[in-house]
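**Q** Listed below are the residues making up each chain.
Number of protein chains: 4
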Amino acid sequence: MKKYLSYGMAGAGLNSFIGAVHRVGAGFDGTAFLKAGCFSRDAERNRECGEFYQLDESRVYASFEEMAVKEGAREDGIDYAVISAPNNEHYRMAKAFLENGIHVLCEKPLCFEISEAEELKKMAEEKGLLFCVNYSYSGNNMVKEARELVKNGLIGSVINVNAEYLQEYLVDDIGKGDQTMNRLSSWRKDPKAAGISNCTGDIGSHIEHTVSYITGLRLKRLAAKLDYFGQPLDLNANMLVEFENGAHGVFSSSQVCVGHMNGLVVRIFGAEGAIEWHEEEPNVLFVTKKGQPMQTYHRGMAYISGRAASMNRLPAGHPEGLYEAFANIYKVWNTAVLKKAAGENLTEDDLDFPSLDDGIQGVKFIHAAVESSKNDAAWVEL
Amino acid sequence: MKKYLSYGMAGAGLNSFIGAVHRVGAGFDGTAFLKAGCFSRDAERNRECGEFYQLDESRVYASFEEMAVKEGAREDGIDYAVISAPNNEHYRMAKAFLENGIHVLCEKPLCFEISEAEELKKMAEEKGLLFCVNYSYSGNNMVKEARELVKNGLIGSVINVNAEYLQEYLVDDIGKGDQTMNRLSSWRKDPKAAGISNCTGDIGSHIEHTVSYITGLRLKRLAAKLDYFGQPLDLNANMLVEFENGAHGVFSSSQVCVGHMNGLVVRIFGAEGAIEWHEEEPNVLFVTKKGQPMQTYHRGMAYISGRAASMNRLPAGHPEGLYEAFANIYKVWNTAVLKKAAGENLTEDDLDFPSLDDGIQGVKFIHAAVESSKNDAAWVEL
Amino acid sequence: MKKYLSYGMAGAGLNSFIGAVHRVGAGFDGTAFLKAGCFSRDAERNRECGEFYQLDESRVYASFEEMAVKEGAREDGIDYAVISAPNNEHYRMAKAFLENGIHVLCEKPLCFEISEAEELKKMAEEKGLLFCVNYSYSGNNMVKEARELVKNGLIGSVINVNAEYLQEYLVDDIGKGDQTMNRLSSWRKDPKAAGISNCTGDIGSHIEHTVSYITGLRLKRLAAKLDYFGQPLDLNANMLVEFENGAHGVFSSSQVCVGHMNGLVVRIFGAEGAIEWHEEEPNVLFVTKKGQPMQTYHRGMAYISGRAASMNRLPAGHPEGLYEAFANIYKVWNTAVLKKAAGENLTEDDLDFPSLDDGIQGVKFIHAAVESSKNDAAWVEL
Amino acid sequence: MKKYLSYGMAGAGLNSFIGAVHRVGAGFDGTAFLKAGCFSRDAERNRECGEFYQLDESRVYASFEEMAVKEGAREDGIDYAVISAPNNEHYRMAKAFLENGIHVLCEKPLCFEISEAEELKKMAEEKGLLFCVNYSYSGNNMVKEARELVKNGLIGSVINVNAEYLQEYLVDDIGKGDQTMNRLSSWRKDPKAAGISNCTGDIGSHIEHTVSYITGLRLKRLAAKLDYFGQPLDLNANMLVEFENGAHGVFSSSQVCVGHMNGLVVRIFGAEGAIEWHEEEPNVLFVTKKGQPMQTYHRGMAYISGRAASMNRLPAGHPEGLYEAFANIYKVWNTAVLKKAAGENLTEDDLDFPSLDDGIQGVKFIHAAVESSKNDAAWVEL
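Chains as they are written, first to last, in the working numbering: chain G, 2 to 383; chain H, 2 to 383; chain A, 2 to 383; chain U, 2 to 383.
Read the hints as simulated data drawn from the structure, not as lab findings. Be a bit skeptical, because a hint or two may be false.
Said to hold, decoys possible - Quick list of simulated restraints, FRET-style, between CB atoms:
1. U:43 to A:292: 25 to 33 Å
2. H:372 to G:245: 21 to 29 Å
3. G:70 to H:293: 49 to 57 Å
4. G:345 to U:58: 26 to 34 Å
5. A:375 to U:102: 51 to 59 Å
6. U:58 to G:128: 35 to 43 Å
7. A:119 to H:293: 51 to 59 Å
8. G:345 to A:304: 32 to 40 Å
The structure presented is a predicted model; accordingly, all values stated were derived computationally and were not measured. For each residue, glycine too, the CB sits at the ideal point set by N, CA and C.
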């Protein structure tokens, strides 16, 4: 059985922080190596990036299409492609790699349109290719522990969910209109690159996935109020949500909430207990059984259940962070790709990375939120 | 000028924790003394209570009506009545005391119907009587500081509000139907005594008032989803809210959220900063200016502004709690009653206790939430 | 059996925050009433104070000696005296009241000299009088819970103690020498009024008592380094401590640690578990069993053990603070005085207030710390 | 100028968590690659490890001596060696690499004897070789920020230090004597491998270095009490410390404090302010100026000063952890080695990694603590 993988990168040049996170995350366990890339449309920056990573010149491509075709044709072509480009590129890139028989790990949101998302799913299934949509927070050790505890019934049936993802980094955009496009030059604020939503698409979608991953429940419908503050895309979003089991809750995401850096906080309330996780303190999990004191679970301790324990990298108290969340996504993903290559069957645990179904649900979520808000927070089914 | 006040208590017998809070709170500063009462409909318990408080036997009344009439007629009658009885009694009690020329401090919610609330307001105005609706959290020192900071522009204009009040104490009622009425025998769960709402009326209304007190903004409309879990009244409520200035937000209140004891948390986000207060840690206030580190303000420090500083009772770090919040409400209230008795004009600061307008808004809030939820979270104007 | 008590106050005039705490605390449960006092050596302030409290003029005394004699002689004389004056007054005041057959509740530290402390103990025993030394933090509900849990073996035998009491309020005195005496005019900084120590005597002694109260262990010896920063009395103190069972630990107290308001934090480590309490968050207790997640105990919950539960005043989550700690001290004290008056035997629980033995240990602690520091942190036995 | 480095590993086989941390940390920025190693004395495990890392077979060595000699002789030999083996190996390994002209990055504590430490320093200086002693916590972004703020005078002169490093993981060893050696088979508990101290050497030494790094102050003397609980080496240590500027403080380190996972907490108090950092929440720093509210600094924000900002890897709120602390140590180290290779002069910033002087001080610290404790906590100069 093959022991090492090679992958190619679409997007994520040297100046992109997330590029480093992918590179370090993919290679964390010493099993996957960057061998090809199309990092930038700027030829010089593309070349510099390939050179820095010591790639074979012939494998630094001018376009992702070329990369897909040539790598797909090489005997020693990349095992998978990592897509870390603005949202508007995801669909075309993913399609190109799938068409050329290359597994895909793609940043979220998966793509603009639900139909595109479903098309990608169909393609991957027909080609027998693996596809991961990188909702990276589900890689966190204690998010896995939360999922396990909920699955094991510790909190009983879910009755209420209160989740939020608050940031302040765009608060200066309030009332500034298009001027801000130049100032920060972030593609996330540009409808052409980001699609129909900024805040909801970028961070609200992480709430949706993390909650779904922990609870095993899909959203049934939502009623959302998005705030634009004079910008083309939303900067703030509050919504009522209803899950498939009838439970209600609220999701709040914002890029204008002063005092919050990257405040993804998920609180799941069940009839028997509750669970709470904070992305900024990812190594602990707050677990309470009805009528009992709150317990602070620490990653790495002997009481942590099997799935999370198997992802543990450091002794308790030595903080793991975002890189390790990525590394865990890649740990499962790399193993799955290796097993696939060896013709092995993949178990449920082998597929414990965000799927195309998760990606499709994410696109539906964004569309529902924007549509609901246009209709003054009328309920919209997902 | 008169220096001491006497008051009478309607409700709040010896076994009622809130009775002690009122008694201690009213007398905290040594200026108001309990002199009359109708503590219980049970004659024996009523008598025992009066005896314990060493009241004159003739001033322990069999009914609040009798108390209102007789105290109103006495030369040395009570200066004000404190109403701390189940909700369904508030209106009739308040009316009786006002009719007999007695100032009223009444627990919230003020009454069942908006029309009743407006009638009380009209009566109080016509009689020239003072009326406080006891939204006690607004007595907290750091809530006053928050109000002051917002008023002084520290956070700029309010753009988003995220507030919650979570408790777990009724989680066992889920799916138990009427059986629970006997078990806990709480009047709050009985529509006859509590009115149309349990959770929203009891604690959701505190969110509404505290936010309004801090921001100076009234709610314009809301879209609410209440959960009943088989009970006659709501146990859980999530809602989208819109303020008079157009800002949005979410309010969540619950009596079934495991792990939360009395979790009133108010977060106000403005275009220039943010402010956050937790009832369970009432002595601190989290204040952040845009782009700056979060600051933890401590009650009692020299940087605390005038209004809050004037309410300070203990050096910084020595915790004040719920009793002191009540004591602050009473400090302002007692002073106002004394000034009124002396024929002085009352300034805005003198009237810094929750008013009948606050009480009316509270009744509107409860009605709007219940109506909205009946209509599947349609917007309802207050 | 007598149901109500009257007491007199020595010290603690209107401008003293601690006076209000005593008055509210003593009367919290409606059983004890201020009936006499010698509040100030300034005749006018003394009179004003008595008038404000509506005392009988004849019971507002020019000197504590007069109060002791006259109240001791009255048929309806005070049941007990509360001593809340500068440290240098404690011994003479306590002696005077005991001599006149009056029970005494005295602020800590008990007095200057160990011999005085032992004399007071002998007097109280001979006269059959009760004496409470007001280490008020031991009145906190969760401190009582901590003591109960330790007694019940939850943490096993104590192996290490880490406790501190940090404040910043005198940081401006550093290097200012005697100038600061006028500026803040605090008697705590004046050796004549405060004795041989400021920081260690005022707050270090609270560490000593709180730890002893929770663990049931006395200090055997200590090695201390006190810092004076140019002042006549210590502002900062670090010490190694050894308990009678051989366990070690550190105590740190300071009035110059910026960022700390009233940071009494006690952490007791045993071979089976640990317990941690913070005075600024007094309603919770952090409890951990070996190998298990930390648990956050909340005052007022059903799992709280009997002794602490019996002192509970508010539902869980509604914060109690310093006033309630005092109220709990007084609750036990008042009951003990009433039982004593009725000729009843007092049980261990009846005597659950800080005793003269605690007071003596406190004086020894202060002497040991100062002596050790003079000898460059040599060990000194208590 | 050379752009990439190769290094060799002495120790840290596949089953060692710290091995992965070094490998990921060294390669985080894509500039250093593992090319040689002697991972284990067990030939098979050594071979497996080399194979897994895809090393050239000829560069997987049976002994570190062979590795030192052969790599030193190769044209393309390793640029530096990483020593991550039990303490008793450090000195001989370091010496061997230095002798063969190879730069060394060595785990702490540097070695057993002060004379050995000084010998290594002399060798490195004579050979013109770089040497880093891996006090990894000094790589944390916010530790660098703390150092910067102290250097810039934000807290004034240091007047008191309170620092601790508490763990619970050896609490089961209490009173178990030598039995525990087999059970956990940790070399840290074995005097042959660990030296004269377990707890003080392993974690107490991190307190010493982190405090020194942040304050720029060396310890002058200490008075320590170590607890052994029947074990050959210490499990718990409390000490009074005195710095070269006369400031005092306490250091507590423990492996038997239940409820603490990896609790390194450093609090530095100055005459103008204070600074506090927690290893388990490494992305924030608590900063207070005298008389002002505490401020919570977040890594990645614009107000973070230059040195820390230059080490930033992720946007604020996205947690960095222990791997990134290592990566920062390696970032500076790798750059220094590259500059050295290019013959450039190294600035102070270029040498911002723990030095041989730090390593020597660490060895002195351990010796002083053990000696002091043997003499019943007598002061020992460093």
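**Q** Go ahead and decide if the range 51 to 59 Å is satisfied by the Cβ distance of residue 375 of chain A to residue 102 of chain U.
**A** holds (56 Å)
**Q** Return holds or violated for the Cβ distance of residue 372 of chain H and residue 245 of chain G against the range 21 to 29 Å.
**A** 27 Å Cβ-Cβ, so the 21 to 29 Å window holds.
**Q** Using the C-beta atoms of residue 345 of chain G and residue 304 of chain A, is the stated range 32 to 40 Å upheld?
**A** violated (49 Å)
**Q** Hint says 26 to 34 Å; check whether the CB-CB distance for residue 345 of chain G and residue 58 of chain U agrees.
**A** Since the Cβ atoms of residue 345 of chain G and residue 58 of chain U sit about 29 Å apart, the hinted range of 26 to 34 Å holds.
**Q** Mind checking the hinted window 25 to 33 Å against the Cβ distance between residue 43 of chain U and residue 292 of chain A?
**A** At 31 Å between Cβs, range holds.
**Q** Determine whether the Cβ-Cβ distance between residue 119 of chain A and residue 293 of chain H falls within the hinted range of 51 to 59 Å.
**A** The hint (51 to 59 Å, Cβ to Cβ) holds, given that residue 119 of chain A and residue 293 of chain H are roughly 56 Å apart.
**Q** Taking the Cβ atom of residue 58 of chain U and the Cβ atom of residue 128 of chain G, is their distance within the range 35 to 43 Å?
**A** holds (39 Å)
**Q** Starting from the range 49 to 57 Å, see whether the pair residue 70 of chain G and residue 293 of chain H falls in it by beta-carbon distance.
**A** With a Cβ separation near 51 Å, residue 70 of chain G and residue 293 of chain H satisfy 49 to 57 Å, so the hint holds.
Going down the numbered hints, you'll see the structure goes against just number 8.
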